[in-house]
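Protein chains: 2
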Amino acid sequence: MQIVESPSEMQSYALGFRSGGRSIALVPTMGFLHAAHLSLLRLARERADIVVVSVFVNPTQFGPGEDFDNYPRAFERDAEVCRKAGADILFHPSADTMYANDHSVVVEETSLSRTLCGLSRPEHFAGVTTVVAKLFNIVQPHVAVFGAKDAQQARVIQRMTRDLNFPIEIIVAPTVREEDGLAMSSRNALLTPPQRAEASRIRQALLSAKALIDQGERDPEIIRRHVLGHLNESPELEIDYVDIVDGERLRPVERIDALTLIAVAVRIGDTRLIDNIMPACDAFPDSSRQSST
Amino acid sequence: MQIVESPSEMQSYALGFRSGGRSIALVPTMGFLHAAHLSLLRLARERADIVVVSVFVNPTQFGPGEDFDNYPRAFERDAEVCRKAGADILFHPSADTMYANDHSVVVEETSLSRTLCGLSRPEHFAGVTTVVAKLFNIVQPHVAVFGAKDAQQARVIQRMTRDLNFPIEIIVAPTVREEDGLAMSSRNALLTPPQRAEASRIRQALLSAKALIDQGERDPEIIRRHVLGHLNESPELEIDYVDIVDGERLRPVERIDALTLIAVAVRIGDTRLIDNIMPACDAFPDSSRQSST
Numbered sequence: 176m177q178i179v180e181s182p183s184e185m186q187s188y189a190l191g192f193r194s195g196g197r198s199i200a201l202v203p204t205m206g207f208l209h210a211a212h213l214s215l216l217r218l219a220r221e222r223a224d225i226v227v228v229s230v231f232v233n234p235t236q237f238g239p240g241e242d243f244d245n246y247p248r249a250f251e252r253d254a255e256v257c258r259k260a261g262a263d264i265l266f267h268p269s270a271d272t273m274y275a276n277d278h279s280v281v282v283e284e285t286s287l288s289r290t291l292c293g294l295s296r297p298e299h300f301a302g303v304t305t306v307v308a309k310l311f312n313i314v315q316p317h318v319a320v321f322g323a324k325d326a327q328q329a330r331v332i333q334r335m336t337r338d339l340n341f342p343i344e345i346i347v348a349p350t351v352r353e354e355d356g357l358a359m360s361s362r363n364a365l366l367t368p369p370q371r372a373e374a375s376r377i378r379q380a381l382l383s384a385k386a387l388i389d390q391g392e393r394d395p396e397i398i399r400r401h402v403l404g405h406l407n408e409s410p411e412l413e414i415d416y417v418d419i420v421d422g423e424r425l426r427p428v429e430r431i432d433a434l435t436l437i438a439v440a441v442r443i444g445d446t447r448l449i450d451n452i453m454p455a456c457d458a459f460p461d462s463s464r465q466s467s468t
Numbered sequence: 176m177q178i179v180e181s182p183s184e185m186q187s188y189a190l191g192f193r194s195g196g197r198s199i200a201l202v203p204t205m206g207f208l209h210a211a212h213l214s215l216l217r218l219a220r221e222r223a224d225i226v227v228v229s230v231f232v233n234p235t236q237f238g239p240g241e242d243f244d245n246y247p248r249a250f251e252r253d254a255e256v257c258r259k260a261g262a263d264i265l266f267h268p269s270a271d272t273m274y275a276n277d278h279s280v281v282v283e284e285t286s287l288s289r290t291l292c293g294l295s296r297p298e299h300f301a302g303v304t305t306v307v308a309k310l311f312n313i314v315q316p317h318v319a320v321f322g323a324k325d326a327q328q329a330r331v332i333q334r335m336t337r338d339l340n341f342p343i344e345i346i347v348a349p350t351v352r353e354e355d356g357l358a359m360s361s362r363n364a365l366l367t368p369p370q371r372a373e374a375s376r377i378r379q380a381l382l383s384a385k386a387l388i389d390q391g392e393r394d395p396e397i398i399r400r401h402v403l404g405h406l407n408e409s410p411e412l413e414i415d416y417v418d419i420v421d422g423e424r425l426r427p428v429e430r431i432d433a434l435t436l437i438a439v440a441v442r443i444g445d446t447r448l449i450d451n452i453m454p455a456c457d458a459f460p461d462s463s464r465q466s467s468t
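Read top to bottom, the protein sequences are chains L and U. Start counting the first sequence at 176; every next residue gets the next number (our numbering). Start counting the second sequence at 176; every next residue gets the next number (our numbering).
Isolated chain L (complex conformation) (with noise of 0.2 angstroms):
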């Protein structure tokens, strides 16, 4: 495996495999690797010749105040995590080399991400779709992997891959969870232990809901609120948002059906945890390509 921090350079390799005939997959992460990644890598790893890992703790997606300076960061094991999962190239640029001092040019999509995370982080998905459009050109991948935790995220860049044209396959991992069913994130890294055990009230939650819908529920108020009795009975939770939407939209719902999303995010003391799923999900497999289950 080879760590490549140039930009340019990257991209020079990437032409070549791609004049050469190979295909490329590319899974974005801000690294502090862990195995959901790995899960996103050995998808990758399934669907090209040359699989490209890109580490980089992008500054445009964190608004004033949110956590890049406290973002975790493990670039060492991280190259060693992508070295044994195979990787072929590690991507590691710095800052000054993405962005140039008087960088100028913003990708936005302006509609999916003005609700649920855009409302409470509304630089963030700006910030995204830049750096993830700059990735997509350095690394000039056949395939992309995203996980399905970070819901709004994939829709965003499916949404950006279709409308600026990029001849890119955009998929979506699904979740891999702790044991006691929390959704695996970099920033979990952050919780203290009795944080840590709370967190995992977030999947339950939505597990509770998911149960239920199964029963027949279908009215998404009575749901949401049934999300939030579940979640304020923690007084170490500060609901950001429950929202009962369009799987594909990101709209509210007047009422559940296969492509309805439970989407949450809630903040354990100075951490942000996001979470989801698609509750009918289950009872119409045909209907949607995600399960975040």
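By construction, these hints were calculated from the structure, which means they are not laboratory data. Honestly, I wouldn't trust all of these hints.
Covered stretches of chain L, as calculated for chain U (at least 3 residues, CB under 8 angstroms) [what the hints assert, rightly or not]: (1) 279-290; (2) 410-419.
Which stretches of chain L does chain U cover? Using the computed rule of at least three CB atoms under 8 angstroms from a CB of chain U, they are [said to hold, decoys possible]: (3) 305-318; (4) 335-343.
Every residue gets a Cβ at the ideal spot worked out from N, C-alpha and C, and that includes glycine.
Given the coordinates of chain L, work out where chain U should sit on it, guided by the hints.
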């Protein structure tokens, strides 16, 4: 020459050319082709195996009340012109294949696009950068050719290409002029004969400014007033701006030097015309890659 209307078909061809080792040059146009477009096409022909000319009157770069409906169109003639000039593919998509009903992604340049034409056409450059990013992804060019008449557009495209890491060389081709000096533009066809006669004042004003600079004048305010005075002699010309700026950053300069750009926009009746000159560029031939003379 092949005429391709479908973006996905165009992209398939382009990826095929690339994987077959063939280089691609793109000449993006809004059609109603004239001699200046042919000069872009000749440059493209010299630089790549496959020349793609796009003809697309992009609705998103016209503001409300601008001349989208009146913009001159002559596709059959354009096709004939491209065929004779040796284009390989004429890409002619419809607006609804380029923009989905729920299109929601914008590429925006937020610095260079804010001055000059950006002040009176606030949405124009976001429309340009978005459609050019799409064309870049659809046509997959190694080289793209733009005209120097649209000096600000060229700078904005160069910035977008750099900031989003497109692996594309941007070539800015010298402005081609009518016998009386008027910069060629599809919009010239919209002028009445008396308006057409008055339009030549734009070039005369710029050449007259250059003569003053050749004589040693370096004060931008004196030059600006000189150009304004020249243009104001005609009651037909309504001045949008006369600006004397740094040719790279497009910000006002305090003293004229080799990289200074004088940019002009006027209205004649309903038609808006632009032109520019780098008046001291000739004296420093190695200091800029772009000459508008």
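Q: Would you pick out the hints that fail for this structure and give their numbers low to high?
A: 2
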